[in-house]
Amino acid sequence: MRFDRVLWDLDGTLTDPKAGITRSVRYALTRLGHPAPEEDLLEWVIGPPLVASFRLLLGTEDENLLRQAVEVYRERFVAKGMFENTVYPGIPELLADLEAAGAQLLVVTSKPRVFAEKILEHFQLRSFFRRVIGSELDGSRTDKEELVGEALRGLPFSARAQTAMVGDRSFDVQGARRNGIASIFVRYGYGQPDEAERSGPDYEVGSVEELRSLLL
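Quick note on the working numbering: the sequence shown kicks off at 40 and runs consecutively.
Possibly wrong hints are sitting among the right ones.
[Claimed, not checked] Beta-carbon label-pair distances, calculated as ranges:
| # | residue 1 | residue 2 | range |
| --- | --- | --- | --- |
| 1 | A118 | S246 | 22 to 28 Å |
| 2 | L194 | E77 | 40 to 46 Å |
| 3 | G245 | E156 | 26 to 32 Å |
| 4 | R106 | P131 | 32 to 38 Å |
| 5 | P128 | S197 | 21 to 27 Å |
| 6 | G178 | W83 | 17 to 23 Å |
| 7 | A135 | A91 | 30 to 36 Å |
| 8 | E100 | E132 | 41 to 47 Å |
| 9 | P128 | G72 | 38 to 44 Å |
I should point out that these hints are in silico values taken from the structure, not numbers from a laboratory.
Even glycine gets a Cβ: it sits at the ideal position worked out from N, Cα and C.
Taking the hints into account, I'd like the entire structure generated from these sequences.
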């Protein structure tokens, strides 16, 4: 086993949340009277903090409007979108084998922790993870560097050499690098075509099978 401790992004890494997220974004944009791109044109919103995505979609810095957009998004996401989601094939088996091998597993996501917990419980993945670290509903603690730092709090610095962050976006790579741990970029998620090259992860994999070979 290459790493004793593995931190996992959620969206685009453990599960494919495209339908629920993009439909909820379209719902919010429509409710606000703004043009709503087709779902396939909204894949880039999967991963970054939601406020940052709405800032670009609405072309505004108006905090009140951005707050309203997030609130309307959550109306649909909580009612329906949260579970318009699928677990990537092979992920449950990989988590089970890592746990059996003695690895410590944690989820580190910019999604609100309360939603992440519900999604993991729904898909019967929660028991694999010692902790779930996410943002707050008020929009605080969305920065991946801060979230990874929280996951490592209390860990001896020497143990970081045996710790890796797995994710599909540059934010995951940057958060890992700034905390002195290895980064694994998964290309099966929602990173942009050149995102791995631009972010410079320590490892890249194209499938869950390749990820298994790397971790085990």
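Cross-check of the supplied hints:
For the hinted restraint 22 to 28 Å between A118 and S246, the CB-CB distance of approximately 33 Å leaves it violated. L194 and E77 have their C-beta atoms about 43 Å apart, which keeps the hinted 40 to 46 Å range intact. Remark: the range hint 26 to 32 Å for G245 to E156 is upheld by a beta-carbon distance near 29 Å. Under the hint 32 to 38 Å, the C-beta atoms of R106 and P131, about 36 Å apart, fit the expected range.
For the pair P128 and S197, the supplied restraint of 21 to 27 Å is violated, since their beta-carbon distance comes to about 36 Å. For G178 paired with W83, a C-beta distance near 20 Å keeps the hint of 17 to 23 Å intact. At roughly 34 Å, the beta carbons of A135 and A91 sit within the given window of 30 to 36 Å. Between E100 and E132 the CB atoms are about 45 Å apart, so this pair conforms to the stated range of 41 to 47 Å.
The given range of 38 to 44 Å is respected by P128 and G72, whose C-beta atoms sit roughly 39 Å from each other.
In terms of the numbered hints stated before, the structure departs from hints 1 and 5, listed from lowest to highest.
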